[in-house]
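Colleague: One-letter residues, chain by chain:
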Amino acid sequence: DIQMTQSPSSLSASVGDRVTITCRASQGISNYLAWYQQKPGKVPKLLIYAASTLQSGVPSRFSGSGSGTDFTLTISSLQPEDVATYYCQKYNSAPSFGGGTKVEIK
Amino acid sequence: QVQLVQSGAEVKKPGASVKVSCKASGYTFTSYGISWVRQAPGQGLEWMGWISAYNGNTNYAQKLQGRVTMTTDTSTSTAYMELRSLRSDDTAVYYCARTPHDFWSGYPLGENDYWGQGTLVTVSS
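Just so you know, the sequences run in chain order A and B. FYI, in this note's numbering the residues of the first sequence are 1 to 106. FYI, in this note's numbering the residues of the second sequence are 1 to 125.
Derived from the structure by calculation, the hints contain no laboratory data. Each hint should be verified, as a subset may be incorrect.
Taking lysine to any residue pairs in the SDA-like style, the calculated list, with each CA pair at most 25 Å apart, reads [what the hints assert, rightly or not]: (1) B:LYS19 <-> B:GLN117; (2) A:LYS45 <-> B:LYS12; (3) B:LYS12 <-> B:LYS23; (4) B:LYS63 <-> A:GLY16; (5) A:LYS42 <-> B:TRP104; (6) A:LYS42 <-> B:VAL11.
A short, non-exhaustive set of chain A residues, derived as facing chain B with CB atoms under 7 Å [claimed, not checked]: (7) PRO40; (8) LEU46; (9) TYR49; (10) PRO95; (11) PHE97.
Glycine included, each C-beta is placed from N, C-alpha and C at the ideal position.
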């Protein structure tokens, strides 16, 4: 099975900082990758699909990039409402999620 | 608007079965699939499997093969997930989510754009 590894597992940044989260697949997955945001006690929310396509209604400070095995989620200017855990997911055969990255405000 | 409404919380004893429902509205049910994802307390997301509401094709996570069955009732736009031989480590919030259907392969394929509210299943003696 293809493993998805996220890093870091947690981070603390200041409001306005640029934040980058990485997701690495153990084998190439083309661009079959999505990013989700889950706030405490809430349902996961789709942010990005096809590695770089912004879901409708998601603020433009979120962006995704990558293809093959290495992917990145970037928050260009961290806001207080972005405190959450972020998950990557590969969704070609046998989907799986990364372990998550918890984002906090410093 | 698209909505997925799940059945209520369940408490089960080890060895029992649970069946969670997910009623869809606001879109053409048979044009999509439904994925099931669970989250144990304090843990990450785990993909359980998916089912096409178009043709009933399923694909289950290997670790759950033999214990899980996913079905749909197109007359009521409802998906079901049954998990058998429950163990304490099956305690989790179970989510359904809408997934695009890939008409070329005949299986769901894609991101989960709408999610149900979650159903807490507690397994305890």
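Colleague: Now tell me, hint by hint, if it's right for this structure.
Modeller: Status of each hint after checking the structure:
1. Annotation: proposed proximity of LYS19 (chain B) to GLN117 (chain B) holds, straight-line Cα distance about 16 Å (limit 25 Å).
2. A threshold of 25 Å between alpha carbons decides the hint, and for LYS45 (chain A) with LYS12 (chain B) the separation of about 29 Å lies outside it, so the pair is violated.
3. With a C-alpha separation of about 22 Å, the suggested pairing of LYS12 (chain B) with LYS23 (chain B) holds against the 25 Å cut-off.
4. In summary, the hint linking LYS63 (chain B) to GLY16 (chain A) is not supported, as the alpha carbons are separated by about 42 Å, beyond the 25 Å threshold.
5. With a C-alpha separation of about 34 Å, the suggested pair LYS42 (chain A) and TRP104 (chain B) falls outside the 25 Å cut-off, and the hint is violated.
6. Pair hint LYS42 (chain A) plus VAL11 (chain B) holds up; C-alpha atoms about 21 Å apart against a cutoff of 25 Å.
7. With its C-beta approaching chain B no nearer than about 11 Å, PRO40 (chain A) sits outside the 7 Å limit, and its interface hint is violated.
8. Below 7 Å, beta-carbon pairs count as interface contacts, and LEU46 (chain A) has one with chain B at about 5 Å; its hint therefore holds.
9. Checking TYR49 (chain A) against chain B: minimum C-beta separation of about 4 Å stays under 7 Å; hint holds.
10. Hint status for PRO95 (chain A) relative to chain B: holds, with the closest Cβ pair at about 5 Å, below 7 Å.
11. Using the Cβ-Cβ criterion of 7 Å, the hint placing PHE97 (chain A) at the interface with chain B is satisfied: the shortest such distance is roughly 4 Å.
Hint compliance for this structure: hints 2, 4, 5 and 7 are not met, and every other hint is.
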